[in-house]
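Residue numbers (the working numbering), protein chains in the order written: chain A, 106 to 222; chain B, -16 to 94.
What the hints contain is simulated information worked out from the structure, not anything from laboratory work.
Accuracy of the hints is not assured; some may be wrong.
[Said to hold, decoys possible] Straight-line Cα separation of at most 30 Å, BS3-like style, residue types lysine-lysine; simulated pairs: (1) A:LYS183 <-> B:LYS(-15); (2) A:LYS162 <-> B:LYS62; (3) B:LYS28 <-> A:LYS162.
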Amino acid sequence: EPEVTQTPSHQVTQMGQEVILRCVPISNHLYFYWYRQILGQKVEFLVSFYNNEISEKSEIFDDQFSVERPDGSNFTLKIRSTKLEDSAMYFCASFDRGGLLAKNIQYFGAGTRLSVL
Amino acid sequence: RKEVEQDPGPFNVPEGATVAFNCTYSNSASQSFFWYRQDCRKEPKLLMSVYSSGNEDGRFTAQLNRASQYISLLIRDSKLSDSATYLCVVTGLTGRRALTFGSGTRLQVQP
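Hey, can you work out the whole structure from these sequences and the hints?
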């Protein structure tokens, strides 16, 4: 079964450093998402990306965050200057518009655990 | 009021038991509804979509009541492997396709 791949599985960084989280969505999917989950809390939407631009973003996705699809396969989330409160699991998800648009089934990667020290 | 509200549990049930989870959502314009399952420190995985007519997948039955803005999940004949957190998820809130998650209900099935 095709899957969404995320790297690294765990990223440790110092406060104030930039990090880039990487995702390879399922190959024929058109919509890409980033979510985060702070330990013990619910999964929260950050941003969605379609046709090489952001289509939706949440209040969490401020100027410190950016997303990019630098080539035909990777989808990245950059945090410019990490804060302690950015420590969380970051999940990438992708969605194939296809005939299942109304069902909006998103498939998640295994996540990157970001630890900001 | 929370966008998607669930009883956090935990629900501790013996193997073979039937257990039901409930969820309410705040926006009547919500379009799609799902139950996801999440194991500890893992990604959410789709369990099933939820339709107004109700739907069943093996031991799992989901129901949607749009008038009451209420979603349910019934698990029959619980297995140890059903132990996980069950996430109620909706889309279409505030016009978004992005998924909005509840905080989850934790299920622990005991031998």
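How the hints compare with the structure:
With a CA separation close to 29 Å, the supplied pair A:LYS183 and B:LYS(-15) stays within the 30 Å bound. The suggested pairing of A:LYS162 with B:LYS62 is violated, with an alpha-carbon distance near 38 Å, which exceeds 30 Å. Taking the CA atoms of B:LYS28 and A:LYS162, the gap is near 22 Å; set against the 30 Å cutoff, the hint holds.
Consistency note: the structure conflicts with earlier hint 2 alone.
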